[in-house]
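Undergrad: If you want the building blocks of each chain, they are given just below.
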Amino acid sequence: MVSVNNNGQSSALIQVRGLNKTYRRGGEEIQVLQGLNLDVDKGDFVGFMGPSGSGKTTLLNLMGGLDVPTAGTISVAGDEITHMSSGKLTEWRARHVGFVFQMYNLIPVLTAYQNVELPLLLTRLSGTERRQHVEAALSIVGLAGRSNHFPRQLSGGQEQRVAIARAIVSDPTFLLCDEPTGDLDRKSADEIMALISELVAKHAKTVLMVTHDPLVAARAQTVLHLEKGVLVEAAKSQHGVVVGGGA
Amino acid sequence: MKFWRLIKANLFRKKVRLLLTLGSFMVAMFLFAFLAVVRGAFTRTGGIASAGRLVTINRVSIIQPIPLSYRDKIARIKGVQAVTHYNWFGGTYQDEKNFFPQFVIDPENQRKVIPELVVPDVQWANFLKDRQGAIAGAATAKRFGWKIGDRIPITTTIYGTGGAWEFNLDGIYHGQHADDDESQFWFQWDYFEERVPDRIKGLIGWYAIKLDSPDEALRVATAVDNEFANSPYETKTDTESQFAANWVKQFGNIEFLILSIGSVVFFTLLLVTGNTMAISVRERTGELGILKAIGFKNRSVLFFVLAESLAIALVGGILGLGLALIAIPVLGSALNGLLPNLILSKSVLAVAIGFALAVGAASGLLPGIGAMRLRVVNALRRV
Ligand SMILES: Nc1ncnc2c1ncn2[C@@H]1O[C@H](COP(=O)(O)OP(=O)(O)OP(=O)(O)O)[C@@H](O)[C@H]1O
Ligand SMILES: [Mg+2]
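Protein chains in written order, with this note's numbering: chain A, 1 to 247; chain B, 1 to 383.
Read the hints as simulated data drawn from the structure, not as lab findings.
Hints may contain errors.
[Claimed, not checked] When the alpha-carbon atoms are kept at most 30 angstroms apart in a straight line, the in silico DSSO-like pairs for lysine-lysine are as follows: (1) B:K297 to B:K15; (2) A:K88 to B:K297; (3) B:K201 to B:K73; (4) B:K8 to A:K88; (5) B:K97 to B:K73; (6) B:K97 to B:K142; (7) A:K42 to B:K297; (8) B:K2 to A:K88.
The shape of chain B in the complex, shown without the other chains (with noise of 0.2 angstroms):
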């Protein structure tokens, strides 16, 4: 290409600004990075939501019990092929800031409802021999440098009075997809009901029902709900993923959160390299008269000013997805796990140089137009 010496030569004809500008697209294309990996995590909660299960919690809330007697009931239904239930634990390891989540499980049916999540079966035989077996997943035993074999302390301050229950680790699991939450702690129900005071025997937490197949997801949530309906515990019963979603809300509105820090972020960019751009092309008045006196056509002049910017908007993307490559991973280990899905996917890649160039495109669109307007005889007149 004979014209990319010229512009070229007009990238770097002002270094420090050139740098600025550059500087503003990294760290805006950090910042885009960084909040649709945030986004994604909490949108992602759990793994792979799967089409083909539901979760049944208590109408009121997921922190009210329901009843463990309704399992074999919700098993009985049309179109369900199995079901397992789950207490949530909300202990500590050593320190109070060490987050992981900790599942009083069922050891029966895990793995025919959570079959992604995988123990090797020596390790899974093991764990069902041993009443204070624990199963960790793979993320929070690397986490904790955890070997098989260990004696595992967790403090609780839910059940109980406090102190530590201990658990044996039998095994460790591994997700089948990249996104699959690593970070859970699943030890068994029955350890946990013997220990647990009377008032919360026989209460689980909530349900999670596989199904024959995703087509009777709503046949089968409505059937569930209608068998407990008018009980003393009435059920709500969702996809996964839309609990995931419900899960989400709770802790407030992320989604238009991000999105919101987005479009400033979006339109802050868009403002800063236009204004660039525009004084940029402006103080070169006199040299593109002199371009389109030689006999530069209109529309060459507007393709160097867009190339010139699209090749900052391209460059600036880069180096700051490259930063948030090398930092995103860094800033999950520093959350403990917070955030155990903290994953920049191709597919944000792809958005955020796509991003990238629309934010170049259109800040050099516009004066891109003006110098293409320019008349060359006003041009050499400006002084």
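The shape of chain A in the complex, shown without the other chains (with noise of 0.2 angstroms):
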């Protein structure tokens, strides 16, 4: 499964082709990506690492569908998500992906139950049904007893759990973390970082992950790094993740 440079044909989950992002601020223009390719298959978990300002998070966002390539295309099992209009793109996300941000992860004034429940809102599960996920979830990170808790009452470990479960609830397709560890101490980092894991080891979880942190990045089964618009595969590697660019 494991190939180079692509920039054909793949049978992986997530392919990324001639990616290319343009920034205009004013009249200057910053290109952030520029032809980059990446095939990554299920149950991967690919951490991208790189300076700051190197494009981690323009990354993210457009595999993620949130924002949109000035070229280039990115197909998710076999969904080209790079031409759908906003409103598709928006329930695309719904289905597919979890999100785990650094910050302003979750609603202050949900309690951690609510706030997982989020994205099934936009299903048709039942009360009930909703109710069994969210306990699952919630259970899978540890935080069972805490459900009626307001994130003001949780530590940020614990509020970053409570994102992650939110992100596993609806069963996405894979799961987008931007330095899911960028506010968190050590210990908690580790813990975050030992969940992240396990999801990926027991519940075969497709993970990427942005961070700065080379013992945060050390987790992931391979580390890409951001350099001048593309990726570049890090000495370890393993299997799984097939990086290029140019073109």
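With the hints as a guide, bring the two chains together.
TA: If you want it as structure tokens, here you go:
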């Protein structure tokens, strides 16, 4: 399954081909991504690293259907998302992507339970079914006893676990985590990473994660560096991820 | 509604702010109801202005008299069913602050022309037999605690040498509609004419004319005024509602005044709540970004913001109108009958709720559209 520099056919779950993203600020053009290719298989756990401003968040946003590329394509499980209308894209996100961000993750006026339930409000599930899913997700992240706590009553690590529960509750195709441990101390960061690793190992989740922290990145099966608008494979590569650039 | 919890949670996010916004709605709605009621009281002077009735006054002004001798001439005009006449007495009872209108009436025709102010037949018969008899409206009788048989002194400074005129209360009239004026006090023309100075005898204040048909109002009014054209006492005849409107104009342009105050209230409320909603949406930018990332559609986000502002408007509006329902009757009695028809009608309530909802929708709309247009990537980048 491993192939390198793939800019052609593949059977990977996520296929990124010739991705370009250019921001225009005033008269100035900032080329952030320049012909980036990436294949990710189901069950992969990929870490993205790179200097600040290298475009990691940009890449994640594009793969999560939060933004549209200047050129290139992204397809996920056979769906080409780069040409979807914004309404379609919103529906697609609800079905396929679980997001975990560094900040602003939880709605402060909702309890942990209600926060986790949010994605399910967009489905046709009944109240009872929603309850079962929310309770399952909360117990996976080890917070079954904290359902009725508000975010401000939880520690940073616990808040992030609630965010993870919310990301997995609707069983999306893959998880996107943008610096999920960025705001946490070492111990909490380790706990969060243990949880994410377990999601990959035990629950066969596909995870794409941005981090600045090499110790955090070390948890990933594959670590990719974003340099000059393309991805470069770091030394430690075990299986499943193919990167390439230039095209 | 599974989204209700989210809307409710957002509503109660800042309790002080919620209370203040509800408070502005409450005050504004109260003021709105109050203004509407005052406006109603002025434009409805003297009960339902009947289209089937005309009022004839002296062309110069209502305070100039016209001869009683016109009565028979008016009665003969085609289309006139009955005619009766009035004088304004302008007296006071006990204290000058105790205002209520006293009319010198023509007992023979009063009930033919104004049938909606009903006096029981027995009481009316006693009144006719009693030269110093009087009939009071139910509101005025209640206000002063009068009972039939009471002797009532009314002081006047307009006629004669001052001192009180004594009356016997023979009857109490009730209106048949909610806004009929029940504050008047009537006594007999014969008694009045006998006591006033010679120069005033034979002169009345105004005529009220009952028509065969409302359709003939214009023709009859013209006929009456033509009849007395070029006489020393020329007349001006209008429908009762037109007369009431002219009467209100005496007090200045009340309508305009009320409309201006109302508009100021409206725009202030709009700005206050619009600003509040804008702030409350702006401080939630990150959360809105998360909601959209999760898969909430743009129109859902707009809906959340609108639902929030409409809920505030509705609750604040209902509270304000509730306050008005309690306060307006109290205020009415505190005004000592100066404005007899302070009535908070169902239509005023409905308009007020509509008005509150309009302000709610308008103030939620711009921030809601802003929330709708917000791009997730920007929302999440903003710190
Ligand atoms: N909306 C935008 N408009 C203009 N420029 C932008 C916009 N978003 C990102 N950029 C620019 O694109 C570049 C990449 O930004 P991005 O946030 O993807 O970097 P990053 O690798 O995630 O950085 P960090 O590690 O600091 O989070 C930066 O130079 C940034 O200033
Ligand atoms: Mg970033």
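Undergrad: Hint by hint, say whether it matches the structure.
TA: Hint check:
1. B:K297 to B:K15: Cα-Cα ~27 angstroms, so holds.
2. A:K88 to B:K297: holds (10 angstroms)
3. B:K201 to B:K73: The hint holds at about 19 angstroms.
4. B:K8 to A:K88: holds (28 angstroms)
5. B:K97 to B:K73: violated (39 angstroms)
6. B:K97 to B:K142: holds (17 angstroms)
7. A:K42 to B:K297: Measuring from Cα to Cα gives roughly 28 angstroms; hence the hint holds.
8. B:K2 to A:K88: holds (22 angstroms)
The structure does not agree with numbered hint 5 stated previously, though it agrees with all others.
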